[in-house]
Amino acid sequence: MIDIVYDWAVAPFLDFEFMRRALVGTLALALGSAPVGVFLMLRRMSLTGDSMAHAILPGAAIGYLVSGLSLTAMTIGGLVAGLAVAFGAGFVARTTVLKEDATLAAFYLLSLALGVTIVSLHGSNVDLLHVLFGTVLALDNDALTLLAGITTITLVTLALIFRPLVIECVDPQFLRSISRAGAPVHFAFMGLVVLNLVAGFHALGTLLAVGLMMLPAASARLWAIDLSGLIAVAVVIAVLSGYFGLIASYQFGLPSGPAIILAAGVAYAFSLVFGRVGGFLWRLIPQRHLEA
Amino acid sequence: MTLTAPSIRFENLTLGYDRHPALHHLTGEVKPGSLLAVIGPNGAGKSTLLKGVVGALKPIGGQLKLDAIEGRDIAYLPQLADVDRSFPLNLYDFVAMGLWRTVGAFGTIGPKSAAKVAAAISAVGLEGFERRSIGTLSGGQMQRTLFARLLLQDARVILLDEPFNAIDTRTASDLIALIHRWHGEGRTIVTVLHDLETVRRHFPETMLLARECIAWGATRDVCTPANLLAARHMVEAFDRDAVACARGAA
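As they're listed, the protein sequences go chains A and B. Quick note on numbering: my numbering labels position 189 of the first sequence as 193, and the sequence is numbered without any gaps. Quick note on numbering: my numbering labels position 56 of the second sequence as 263, and the sequence is numbered without any gaps.
Keep in mind that the hints were calculated from the coordinates and are not lab data. Don't be surprised by glycine CBs; every beta carbon is placed ideally from N, CA and C. There may be inaccurate statements among the hints.
[To be verified] Selected chain A positions facing chain B (Cβ under 10 Å, derived; list incomplete): (1) 170; (2) 173; (3) 177; (4) 225; (5) 226; (6) 231; (7) 233; (8) 256; (9) 258.
[To be verified] Listed next, the stretches of chain B that the computed footprint assigns to chain A, with coverage defined by at least 3 CB atoms under 8 Å from CB atoms of chain A: (10) 296–303; (11) 381–391.
This is chain A alone, in the form it adopts within the complex (with noise of 0.2 Å):
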């Protein structure tokens, strides 16, 4: 019995240094995205991590076109087509009667449609995708280093912007009353989305890295009810994903991209049925009401 948990779960770690590689690179994504992806969920901004997915495609396909699969190109080429889009809506949606969710489509819809011509001008056959869909299985130094840093500049940007960013999500106006942190910390959110999304599309693709980011924010709702309890298990399963994602990857032969989002889909189908806040088996069983 141990033999056969060993061969499956510990051995391919042991055996490859590439599957190695990989579970670092997710582990470093998963505990960045994770607590960016509860922010951006409780400010009811869910769709945003995709828009801006979108976004930072044409970035990373013109780096593409420039310089060949060279990570810095693609990297700053996505950072650069990222925070233009982040910043413009951002703006936009402060000094005029649009609201956020308008001026994003307008910006990640041209960013796109930019970056498709750019690209299409120059007639060659792209080969997008290593950007579509990431390569977590061929992580080199570079990278690894990439997702670290982009990590650590995620957590350590977050414990400095969290109070402000707590009461920027729960009351913009009384913000906007006592500090002028309103705009900039809002900012230096959207910055940390790119960045994230950035680290995510070289392990899963610019898509899917969206997942990592929203998928364990939604199921950790279904458990927690405060907000250290949902990034925390938002971390935890985001990390679980990873690992087993990667296992089932190896295992069954599937894309490993893919395989990883989909572990966090089975961890959100378990949250949304056995979810201790609301989840559906919950609602089943008929409890008395309290005292008070």
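Please build the complex by placing chain B on the supplied structure of chain A, with the hints as guidance.
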């Protein structure tokens, strides 16, 4: 508290939206330590006036002068508090936001501050509710919570926009007691209200608005049948093609 007397002065002030005035040509001074009620029909410009004082709205004419008052000295309770009550935060943490001036983004809440938070919560009669999530509070309890946060803000100028809307009489009288306490501490309080009975009983000074100032002074001089009738006849005029106002243009 510093010794400089804070005052709010209006000089031919016009506030509005997109060049259309909601309140125009207001002149006068809210003296330090005032307990002022602002009354008037719907659309009279009461909330607009408070928004102007907090700086959320820029004057479209005239001037609004704050003497010895910074933005942080003003605590403001808007009519529709923009609170996301689905956010997983408990009452204690929500009230503790009022400590921002002293603890800021990084300061810890030590025993002294914690005692202040506890005192504020008990002042509004919500002991025992500390761990309740803000989403589970009733409307009146939420209003008490907002007052507890205002208490902690320790602001010299307090602006309240219809604080007793949809509040039961017991809660309202508790909150009025708090307002009197603030008044006794020398704070300047400007409250938008609808209930004339409350105004007559608790507010020494009243400003009656109807898109302009109808009367401003001692409550018994302002709340006269003649003035109230004049205010009721206010035209809720919004004319898309209105011409530029000539009054006060030198």
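A quick look at each hint next to the structure:
1. 170: At 7 Å from the nearest chain B Cβ, residue 170(A) passes the 10 Å test, so the hint holds.
2. 173: Holds - the Cβ of residue 173(A) comes within 10 Å of chain B, reaching about 6 Å at its closest.
3. 177: Because about 4 Å separates residue 177(A) from the closest Cβ in chain B, which is inside the 10 Å limit, the hint holds.
4. 225: Check passed: Cβ of residue 225(A) comes within 8 Å of chain B, closer than 10 Å.
5. 226: violated (12 Å)
6. 231: holds (5 Å)
7. 233: holds (8 Å)
8. 256: violated (37 Å)
9. 258: violated (35 Å)
10. 296–303: holds (count 3)
11. 381–391: Since three or more residues must qualify, the claim that chain A covers the segment 381–391 of chain B is violated, with 0 doing so at under 8 Å.
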